[in-house]
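S.K.: Chains as they are written, first to last, in full-length UniProt numbering: chain F, 1 to 143; chain V, 1 to 143.
The set of hints was computed from the structure by calculation and includes no laboratory data.
Keep in mind that this is a model prediction, so the values were computed, not measured.
A portion of the hints provided could be inaccurate.
Copies of the same chain look alike in the list, so a pair counts if it works inside one copy or between any two.
DSS-like, lysine-lysine: derived pairs with alpha carbons at most 30 angstroms apart [claimed, not checked]:
| id | residue 1 | residue 2 |
| --- | --- | --- |
| 1 | K117 | K39 |
| 2 | K98 | K123 |
| 3 | K75 | K98 |
| 4 | K29 | K98 |
| 5 | K128 | K117 |
| 6 | K39 | K25 |
| 7 | K39 | K98 |
| 8 | K75 | K115 |
| 9 | K62 | K115 |
| 10 | K98 | K25 |
| 11 | K62 | K98 |
| 12 | K128 | K25 |
| 13 | K25 | K115 |
| 14 | K117 | K98 |
| 15 | K59 | K29 |
| 16 | K123 | K52 |
| 17 | K98 | K115 |
| 18 | K117 | K75 |
| 19 | K52 | K62 |
| 20 | K59 | K115 |
| 21 | K98 | K44 |
2 protein chains.
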Amino acid sequence: MFSNSTKYAIKAVLYLAVHSSEEQKIMIKDIAEPINVPKHYIAKILQALSKKDIISSTKGPKGGFYLTSDQLQTKVMQIIETVDGEERLNSCLLSLEKCNSDNPCSLHHLVFDEKNKINERLKMTILKDLRQHIMRGESILPL
Amino acid sequence: MFSNSTKYAIKAVLYLAVHSSEEQKIMIKDIAEPINVPKHYIAKILQALSKKDIISSTKGPKGGFYLTSDQLQTKVMQIIETVDGEERLNSCLLSLEKCNSDNPCSLHHLVFDEKNKINERLKMTILKDLRQHIMRGESILPL
DNA sequence: AGTAAAATATGATAAAAATCACATTTAAGA
DNA sequence: TCTTAAATGTGATTTTTATCATATTTTACT
Ligand code: FES
Ligand code: FES
Chain F
1 MFSNSTKYAI KAVLYLAVHS SEEQKIMIKD IAEPINVPKH YIAKILQALS
51 KKDIISSTKG PKGGFYLTSD QLQTKVMQII ETVDGEERLN SCLLSLEKCN
101 SDNPCSLHHL VFDEKNKINE RLKMTILKDL RQHIMRGESI LPL
Chain V
1 MFSNSTKYAI KAVLYLAVHS SEEQKIMIKD IAEPINVPKH YIAKILQALS
51 KKDIISSTKG PKGGFYLTSD QLQTKVMQII ETVDGEERLN SCLLSLEKCN
101 SDNPCSLHHL VFDEKNKINE RLKMTILKDL RQHIMRGESI LPL
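Throw the hints in and build the complete structure from the sequences for me.
M.R.: What follows is the structure in C-alpha cells.
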C-alpha cells in the first residue's frame, strides 16, 4: 500500500513524536536503530521532511531532529504525500490514471468506498493522536 | 496497492473473460495491444497464470489464450495471490510483518476494518461477475 | 579562533521490478 | 512430412527503488 520510504518516514516521525521535543533533539543514529531502518536511508528521508517543514532539525553539536508542538498537528496524509507523492493514493487500481467514479474500472465498486474512508481518516488523524495511542499502550511502533 | 504485474494480470484475464472462449482463442499480441501492456511482459505473466491453471492456452497455429467456463469461476483474489504472493495483502502497513490485531501498529485501527472488507470482496468476486459488469456497461476495462 | 559534532548535499552502488530479445517446443494444415 | 504459427523457457537489459559512502556546512563549546 505504501512505499518502503513512506513506511520508514512514518515510523521515524512517530518516533520523534513520542521521544523528542525542542529540548530533546535526537540524532539520526538514535532514530535509525530503534525503528530498524538503515541509517543512511532514513537520513535522506528526514532531510526531505525537514526541508518541507514536517520535522525540525539543527546542525552541529547538541543538534538533531525533533518536532515542535505545531508539527505534532501534522496530518498523517501530509507525510504520505510528501514522500510518495499525491497521485499514489488516488490512482486507479488497474490503470495509471486517477480513480474516477464516472468512468469506473472493473474493480472500482469493490474498493472505492473503503479506500475513501481510509483516506479520510489519514487526512484527519494527526501525529498527536497517534502519539497518544502509543503512550496509552493501545498501539505500538513496530520494528 | 497492487504491483504493476498484478494490474496487468487482472486486465489481461478480464480481457479474456470478455472476449475469449474455448472456440475463440486470442494471441498474445491481440491481448497486449488493447489493454496497453508491453507484449513481452504480459507474455510472461500469462505463462505463469497458465501454469497455475488460471487461464488456458494452446500452442501452434490457431493457438492462443482463453478461459474455460470453469476458469470464469476464478476469484479475483486468486489472481492477486498468484502474481504478487499472499503476503503482500496481509502485511502490516508499517512493518514487514503480517498485520496482527493483537499487536497493532500505529495505523492499524485506521485501516483494518476497511482493508478486511476489501479483501473479503476480492475473495468472493469471480471473473464472471466482473465480466457481467463490463458487458452491462457498468464498468470498463481501462487502458 | 579552533575543534569537534552534528545535519546536509551529492553521488555511487546494490537490489528489485519492469521490459525486451531470442532460441525452443508444440500443433495445425498443406 | 514439411512449413509455419503460435506459446514456452531462459536470460539479458533497463529503470526504479533502496542502500551506502563521503565531502561540505553549520553550530556549540573551548
Ligand atoms: S477507477 Fe479504478 S479504482 Fe476507481
Ligand atoms: S498491525 Fe500494522 S496494519 Fe495491522
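S.K.: If a hint holds in the structure, say so; if it doesn't, say that too.
M.R.: Hints and how they fare:
1. K117 / K39: Neither: 34 angstroms inside a chain and 36 angstroms across chains, both beyond 30 angstroms.
2. K98 / K123: both (18 angstroms within a copy, 24 angstroms between copies)
3. K75 / K98: For K75 and K98, the Cα distance is within 30 angstroms both inside one copy (22 angstroms) and across copies (25 angstroms).
4. K29 / K98: For K29 and K98, the Cα distance is within 30 angstroms only across copies (27 angstroms; inside one copy 38 angstroms).
5. K128 / K117: Cα proximity of K128 and K117: in one copy and across copies (20 angstroms, 28 angstroms).
6. K39 / K25: within (17 angstroms within a copy, 53 angstroms between copies)
7. K39 / K98: Result: close only across copies, 24 angstroms inter versus 34 angstroms intra.
8. K75 / K115: This pair counts as both: shortest intra-copy Cα distance 17 angstroms, inter-copy 20 angstroms.
9. K62 / K115: neither (43 angstroms within a copy, 43 angstroms between copies)
10. K98 / K25: neither (40 angstroms within a copy, 32 angstroms between copies)
11. K62 / K98: neither (45 angstroms within a copy, 38 angstroms between copies)
12. K128 / K25: So K128 and K25 pass the 30 angstroms test inside one copy only (18 angstroms; across, 57 angstroms).
13. K25 / K115: Neither way: K25 and K115 sit 36 angstroms apart in one copy and 36 angstroms across, limit 30 angstroms.
14. K117 / K98: Result: close both inside a copy and across copies, 17 angstroms intra and 22 angstroms inter.
15. K59 / K29: Within. Shortest intra-copy distance 14 angstroms satisfies the 30 angstroms Cα cut-off; inter-copy 57 angstroms does not.
16. K123 / K52: For K123 and K52, only the intra-copy Cα distance (17 angstroms) is at most 30 angstroms; the inter-copy one is 40 angstroms.
17. K98 / K115: Both: 13 angstroms inside a copy, 20 angstroms across copies.
18. K117 / K75: Intra 15 angstroms, inter 25 angstroms, cutoff 30 angstroms: intra and inter.
19. K52 / K62: Within. Shortest intra-copy distance 22 angstroms satisfies the 30 angstroms Cα cut-off; inter-copy 58 angstroms does not.
20. K59 / K115: Result: close neither inside a copy nor across copies, 40 angstroms intra and 41 angstroms inter.
21. K98 / K44: both (29 angstroms within a copy, 27 angstroms between copies)
In the structure shown, a violation is registered for the earlier hints numbered 1, 9, 10, 11, 13, 20, in ascending order.
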